[in-house]
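Asks: Read off the chains here:
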Amino acid sequence: SAVISQKPSRDICQRGTSLTIQCQVDSQVTMMFWYRQQPGQSLTLIATANQGSEATYESGFVIDKFPISRPNLTFSTLTVSNMSPEDSSIYLCSAIQGHGYTFGSGTRLTVV
Amino acid sequence: AQKVTQAQTEISVVEKEDVTLDCVYETRDTTYYLFWYKQPPSGELVFLIRRNSFDEQNEISGRYSWNFQKSTSSFNFTITASQVVDSAVYFCALSERNSGYSTLTFGKGTMLLVSP
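Going line by line, the protein sequences match chains A and B. According to this note's numbering, the stretch in the first sequence is residues 21 to 132, in order. According to this note's numbering, the stretch in the second sequence is residues 1100 to 1215, in order.
Calculated from the structure, these hints are not laboratory results. Please read these numbers as outputs of a predicted model, since none were measured by experiment. The beta carbon of each residue, even a glycine, is placed where N, CA and C say it ideally should be. Keep in mind that a hint or two might mislead.
Reference excerpt, derived from the structure (chain A facing chain B, CB under 10 angstroms, subset only) [claimed, not checked]:
#, residue
1, Ser29
2, Arg30
3, Phe53
4, Gln61
5, Ser62
6, Thr64
7, Leu65
8, Thr68
9, Glu78
10, Gly120
11, Phe123
12, Ser125
13, Thr127
Isolated chain B, as found in the complex (with noise of 0.2 angstroms):
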């Protein structure tokens, strides 16, 4: 069965720091997607990113960058220079397919508080 680790139960930094939270995800699939979401205080989930299992590349978007190491099944996600909008709980998860269908199946987040 799939299952997505984050180690990191809350993480504080003050503004301007980098910050890496990290993932690890265990399948027994060939086949999957990664993602990254948001979650700031209103609830609502923010999709950052998909990476799929065969794109081991590195991506960069703004302050935000992905390591995937598919050799040490982690998934982990960092923010250059922290700002107090970035405070929001994060969650990584896997998709594989069960059945025909994928399911997704989330970490249990980390709460990241970016204080001025």
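Bound-form chain A, shown alone (with noise of 0.2 angstroms):
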């Protein structure tokens, strides 16, 4: 299965301010998509990015707060806009290869 290298692992950061994720995956896949871990909470999907395509997001989430760019199949960034407080969660990427799901490492932000 693929294998998803994703940074920063970690990072704190100034409210207001935007950060931007990479994840790199080492072969081609088709559908990626980004979550959210809210403290204590379960993962939700934010969107779906599909290579040369625009993202597909789910309910609460939009895309100027989450932008995500998909520019080739390998290859997947997730910006966290405009940063408050309540942004602060784990965000994990995922690639799906048949049925199978592959998940970046994580990185945990803190917005001070």
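Mind docking these for me? Both chains are given alone in their own frames, and the hints should help you get the complex.
Replies: Put into structure tokens, the structure is as follows:
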């Protein structure tokens, strides 16, 4: 199965700033997904990113706040824009191959 | 819509005890996949098992075993002779087709604390 390198692994950011999270996959994958895990909570899907098209956002998530890029079949970025303390979470990317899902190691974001 | 319920929020056991983590799911699809993931304190998600809806055979992997019962829509996970290293949050998840691709729905997770 695919291996995903995600960075940064953690960051502490000032409110009002933006952070871009990167995920590099070691093989070509069609679908990539971005999840948010708020403290003590489960994983919630933010959006699905397909190469060459606009990301599809889930209810409650908007492109202005979480812009996503998917320039090729091995790479994707998620930007958390204009951050507030409520954005403090673990963000994980995921890729699907067949019916198996691989996850990046996560980005632990703290907004102060 | 699909849904995964993990009713146990937190379980505490003493090392060497057996523990079962419950997972109940809802789906309208006849073809779906069920997963278990482990999330240690470091935060990464560790894949444990995938089971498709047509395979109801129970599976054993070392100290881990899974019981899939379609009749009760359950996919329970048992750890035999638990160890301190098993302490983590465990997530059950369901994948079904949605608009031509698969999305993954997670349960709320069960935190397992194994004390020495």
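Asks: So, for every hint listed, does it hold in this structure?
Replies: Hints, one by one, checked against the model:
{"no.": "1", "hint": "Ser29", "result": "holds (8 angstroms)"}
{"no.": "2", "hint": "Arg30", "result": "holds (9 angstroms)"}
{"no.": "3", "hint": "Phe53", "result": "holds (7 angstroms)"}
{"no.": "4", "hint": "Gln61", "result": "holds (7 angstroms)"}
{"no.": "5", "hint": "Ser62", "result": "holds (5 angstroms)"}
{"no.": "6", "hint": "Thr64", "result": "holds (8 angstroms)"}
{"no.": "7", "hint": "Leu65", "result": "holds (7 angstroms)"}
{"no.": "8", "hint": "Thr68", "result": "holds (7 angstroms)"}
{"no.": "9", "hint": "Glu78", "result": "holds (9 angstroms)"}
{"no.": "10", "hint": "Gly120", "result": "holds (6 angstroms)"}
{"no.": "11", "hint": "Phe123", "result": "holds (4 angstroms)"}
{"no.": "12", "hint": "Ser125", "result": "holds (4 angstroms)"}
{"no.": "13", "hint": "Thr127", "result": "holds (9 angstroms)"}
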